[in-house]
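**Student:** For reference, the chains in residue letters:
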Amino acid sequence: MTKLYRNDIKVPCDVPESHVDNYVDNYLRATRSTGRLMMFAGDQKIEHLNDDFYDPNGKIAAEDHCPNHLFSIASQSTIGVFAAQLGLISQYGKDFPHINYLVKLNSKSNLISLDQHEPLSQALWNIEDVINLQATSHLNIVGIGYTIYLGSEHETQMLAEAARLIKDAHRYGLLTCIWMYPRGKAVSDEKNAHLTAGAAGVAVCLGADFVKVNMPHDDEGHYTARALQEAAWAGGRTGVICAGGGSKSAADFLQQLHDQIHIGGARGNATGRNIHQRSLDEAVRFCNAISALTLGDRDVDFALRVYQGQEDFILTEDV
Amino acid sequence: MTKLYRNDIKVPCDVPESHVDNYVDNYLRATRSTGRLMMFAGDQKIEHLNDDFYDPNGKIAAEDHCPNHLFSIASQSTIGVFAAQLGLISQYGKDFPHINYLVKLNSKSNLISLDQHEPLSQALWNIEDVINLQATSHLNIVGIGYTIYLGSEHETQMLAEAARLIKDAHRYGLLTCIWMYPRGKAVSDEKNAHLTAGAAGVAVCLGADFVKVNMPHDDEGHYTARALQEAAWAGGRTGVICAGGGSKSAADFLQQLHDQIHIGGARGNATGRNIHQRSLDEAVRFCNAISALTLGDRDVDFALRVYQGQEDFILTEDV
Amino acid sequence: MTKLYRNDIKVPCDVPESHVDNYVDNYLRATRSTGRLMMFAGDQKIEHLNDDFYDPNGKIAAEDHCPNHLFSIASQSTIGVFAAQLGLISQYGKDFPHINYLVKLNSKSNLISLDQHEPLSQALWNIEDVINLQATSHLNIVGIGYTIYLGSEHETQMLAEAARLIKDAHRYGLLTCIWMYPRGKAVSDEKNAHLTAGAAGVAVCLGADFVKVNMPHDDEGHYTARALQEAAWAGGRTGVICAGGGSKSAADFLQQLHDQIHIGGARGNATGRNIHQRSLDEAVRFCNAISALTLGDRDVDFALRVYQGQEDFILTEDV
Amino acid sequence: MTKLYRNDIKVPCDVPESHVDNYVDNYLRATRSTGRLMMFAGDQKIEHLNDDFYDPNGKIAAEDHCPNHLFSIASQSTIGVFAAQLGLISQYGKDFPHINYLVKLNSKSNLISLDQHEPLSQALWNIEDVINLQATSHLNIVGIGYTIYLGSEHETQMLAEAARLIKDAHRYGLLTCIWMYPRGKAVSDEKNAHLTAGAAGVAVCLGADFVKVNMPHDDEGHYTARALQEAAWAGGRTGVICAGGGSKSAADFLQQLHDQIHIGGARGNATGRNIHQRSLDEAVRFCNAISALTLGDRDVDFALRVYQGQEDFILTEDV
Amino acid sequence: MTKLYRNDIKVPCDVPESHVDNYVDNYLRATRSTGRLMMFAGDQKIEHLNDDFYDPNGKIAAEDHCPNHLFSIASQSTIGVFAAQLGLISQYGKDFPHINYLVKLNSKSNLISLDQHEPLSQALWNIEDVINLQATSHLNIVGIGYTIYLGSEHETQMLAEAARLIKDAHRYGLLTCIWMYPRGKAVSDEKNAHLTAGAAGVAVCLGADFVKVNMPHDDEGHYTARALQEAAWAGGRTGVICAGGGSKSAADFLQQLHDQIHIGGARGNATGRNIHQRSLDEAVRFCNAISALTLGDRDVDFALRVYQGQEDFILTEDV
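Same order as they appear, the protein sequences are chains Y, F, C, D and S. The numbering of the first sequence is this note's numbering, which starts it at 21 and goes up by one. The numbering of the second sequence is this note's numbering, which starts it at 21 and goes up by one. The numbering of the third sequence is this note's numbering, which starts it at 21 and goes up by one. The numbering of the fourth sequence is this note's numbering, which starts it at 21 and goes up by one. The numbering of the fifth sequence is this note's numbering, which starts it at 21 and goes up by one.
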């Protein structure tokens, strides 16, 4: 993988001249000059409440009980961006000034079932709030994120909010990533490959720079990296990144990610609980293993050795 | 067909003096000085998700898997306008600066059935966003589009939004086109000719310059060009253009369009998947064949030869 | 009937000093210095779609198929105001600069039945849009109109919107007319005389200058002019005008209007399809016949002769 | 009862320094320097449509058919404030410049039953509109009123609107009165004394100066003045005033009002149809009789003689 | 417990430089330089109507019938903050200028059952209103409060409103406290410990400084202080404070509070009716007993003696 230069970047044409440099800087920072996004996703404290952070049987590391853990991992490992809600960043950011933050602008809890109510997640903050936070905190905020539940009866409201946020973010040269999840009574198979491609296509029509989708399955129900390819095509210039899905062994996880990138056409990864449910030391090593694949374009064996502490992954060419 | 001169154009009187020239320029650009609109419609990536772009059995050209295809067609053929969402234009527009863009301002997916929820499609962007995009990109943005589901329980919200967008667009001298589709539980026959005429009448009351309707059928259920005539009358100064409908042979398609214009009173065409599902070369020829009818006022035989590569259609008198 | 002088006019006290003259001018123009309003209502292309404009059996004049017809009638006959949506005026107004326009600010289609959904009609434009149209077009815009469905579950939203529009219109010296129709599941008898009086009372509490109601019936179900009297009292300074109702012979129509004014206390008329479904020549004569009653205070015989082309009605004392 | 001096008045601390004098002036005007509010309520033309103004059997005076009657009474009798909608005041106020007006900011019709739809009454005007009316009309506008249906599913919307209006009114030194009515499916006994006290408590938490409640009944269902006491306590600095309830003899009405004040702790009265359904002469005498109790602190016998024309009630110490 | 110094305080990084001192001042005032919050909660007059203030059997002190009582207690005892609605503060604040106020920004009545309607409580005031009140009143307003019903179908609206209020409050250096209550059809066990921890986690993601939760129970249904610990961890820098729950003896209450702090990790208390339903003298002593635990870090025996009037609790080191 060759280093990305400033002129290689396709800057969306709604970014004003005055902020093109800013956009390019953010793109290079977020992708560590590789064009690929390694996202450490830390927005689950609203999305999943405390389910991902505390286990009475001890399957989750005790350090994860406290939100501080997320920031410790993000600051001590090699990642692209750490995604978290603006409020969480405002409480901890001052002590972790070197992280690249991607501000997640909406979130909802998982209390209400799809049977009860169609999913809706409104923006909790606007781009102006992100810019204000940047001004008051001097943090490295490189972009924003927003979740859309495609197929919900409230779809149109979320599409409109996302379009507005993407446009406003671009005005300030911020990157944008849409979490695009087909969900609701109208969606019988959330992870269908063709539907996932449709989701990626919606993201590019909204002007997003990246779109996070769930790992799709093919027509036989197999979650194969090849099933992601249609989505990668449909997304076009909007880079498709994939969630890790259910827990699996580190080796399986890393192999899957490698396939997503090299077979499915993914332009990065978005990984959350697979990272932070481990102890700090292990979580840092796992982050670095993921980055070895996504940012370093290394093979699975190398990444596995990084995870096992037998290798260091050092990203040499950085911005 | 005679060339349209600046003074021939009926400028709506909500266009301010300062922007009359702009409106006239946009009208002449969009209609290539003919008064007829040849619209290449490319908003289906939200409206139909990936259904129009990917077929596992190969009935859709592989080039269509990627959004780049739409822009390639639009830039290499003779068309009036290319209609697409603002976000899509912002991602690709810089590489395709010579297209006339019509910015589609709302869209919704096709996931929710009419049985489940009355159709609603809110504006994703405002005219100010269009003007900002024009300022940052220097693209040829000549107008805007918006879909209304007439008869939906949310009709009043879409009517209000459309009225606002048309008025704001005119303030800047932009053309306006309403996609007007009767739809919802209250609508038993979406393509009834009399209802279609009602839809066209609503568009002129909103002040739209063009209205895109579906091909209506007559009382016996036949989709004849004559069934369009009532709508063309009802629209008055708002030019009625027609969608192509389901797939058919190129010859049938071109004959139908010729009839829509010369029997039904249509003032142009709006064509999408009939164009982009073909390979680039064929799609360009098909575009030019359509333009031979709409913009060149040529006969069906000539258009067919253009499609078959036996003739070139060159629009000589352009702005 | 004596001519109305400037000082006779009760200017509502929310009209600012700077616009009192403007209000008085508009009042005198709209009522042709008589205090009575002759309104040619032309907002049916949204309200009734194409039902009022096209009849396959030829009962509607062919000229009515095209919106141009409405403007031709309004410009060639003696009327007080022509009521139409802002968008329609913006498309045709430049060619018909001498009409007094009353801008209808909301409208909805008739597709949805009361069984399906409670009626709601939101404003499509605001007063600022009306003022902008006046500035760009130099048309004689003398006032605005808005429909309220009293008794709908959305009543409070329409009351609030109407109150805002009336107040804003008065700020610019524009006249205001409310179309006040009791409608919805809660309304068992829309044309009850006592309910109609309630509707008129609501209009005066909103500060409207005129209120258009449907012709009420008395307790025995008879549509008599006397049944209108309670409404005329309840409206107080808000002048009650009446729709013409279903089609009837010209003689019956004119007799009914005469009774509405002289027995029921109406301060004018609001007439639509009874006018525009006729050919241009006949429509102009019928308009003038109505005006002979409303504006000229002549008797029914005279009006009938005007309609039959045996007399000319000329309004001598005009502003 | 001793005269109220400027320094006796507890000015809410959200009134800015610049408008404290204004608030004090309005308080003294509205209470005629007594601290008690005699409100002539005239907002029924929306709330009850024409039911309170016209009776085919003649039980309502013919003068009441026309809204002018309300203003004649208010201008010719001794009252504290006349409450009416802004629109009604704007149509008649110029001819009645000496009335103290309290502008009622919301109202809804009585057409929809509680079974059909939970009650909601949105603000029709804002404080800025009241201030503008004052500026254009020079009327004595001393305060505003707003109705909340406590317990409605739309309660939170009305609470929010009321809080905003009270705060904005205080910013300009205007008095505020909340009509607080428990109503909706959740309310089984609207006039329960304990619930009424709750309603008064809500009003003081919103910062209102007065709260109008319906006459409550005690646990045995008796409408006794003593049942009002809990509410008067709960309201604290927010003065509780009581509606008159159903029609009764003048003697009974005056005795009840006397008890409300002297036993129940009411700080005034709010009376509507009991006043305006009488002929002008009788209505004026009845107003003055009420004021003899509320403002003059006289006994019931004296008030009755005022009503019977045997005494004059003159409020000597006025602002 | 050691005194908190200015530099110990973790100021959220959305507080602008210009207001950091203000935030620190408010934090020290509210926590009396201890880092713990002793909140006297007085927002029940809307939340519980008059149920907490009046008991026909005399179980509530008569002084509590009148809102004045709340302010008397708050001004005569040692507390951290007194929480009440802006309107209530505006009516009484001028006479009680030395209280630290926390302005409760939303409230709803308890009339509607969860079976009837999902809970929703909208903001009644904004931060600008709080700042205006501070400016007009010169009161010690140190922060704001807002209730979220997590799991309600309206959750997303309340999350968005809370996020906005927290961000705006921080902009002015105000403290923020979220009342976070899981509630609605989707919530089967409101006081589950794991769910309560989820609620605390949501609060830190919103950026709140404190979160008030209900006392949780463990898996066996026991309300033990240990069940609170997971929430205290999940809240991280957002201090968890606990409501007192149902009425119990003073000794039991104080023991429970001591355990909440020393076993459960609570950073203070929020106590309402347990205080104000007592007579003024007793309520003041009870307040001081609570403060002896929360602010003075004394043991339960000492606190009990304070309550019994055998000891004075004096907070020596204050700001």
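These are computed hints drawn from the structure, not numbers from a lab. Everything numeric in this text was worked out from a predicted model, so none of it was measured. Watch out, some of these pointers could steer you wrong.
Identical copies go unnamed one by one, so any copy, or any two together, can satisfy a pair.
As the list claims (entries may be wrong) - Derived DSS-like pairs (lysine-lysine); straight-line CA-CA distance at most 27 Å:
1) Lys268 <-> Lys128
2) Lys30 <-> Lys79
3) Lys30 <-> Lys211
4) Lys205 <-> Lys30
5) Lys211 <-> Lys128
6) Lys114 <-> Lys30
7) Lys128 <-> Lys205
**Student:** So, for every hint listed, does it hold in this structure?
**Tutor:** Verification of the supplied hints:
1. Lys268 <-> Lys128: Answer is within; shortest intra-copy Cα gap is 26 Å, inter-copy 36 Å.
2. Lys30 <-> Lys79: Classified as neither; 43 Å inside a copy, 31 Å across copies.
3. Lys30 <-> Lys211: For Lys30 and Lys211, neither the intra-copy (29 Å) nor the inter-copy (43 Å) Cα distance is at most 27 Å.
4. Lys205 <-> Lys30: neither (37 Å within a copy, 44 Å between copies)
5. Lys211 <-> Lys128: both (20 Å within a copy, 20 Å between copies)
6. Lys114 <-> Lys30: Between copies, since 9 Å is at most 27 Å while 32 Å is not.
7. Lys128 <-> Lys205: Classified as both; 18 Å inside a copy, 16 Å across copies.
Of the numbered hints stated above, those contradicted by the structure are hints 2, 3 and 4, listed in ascending order.
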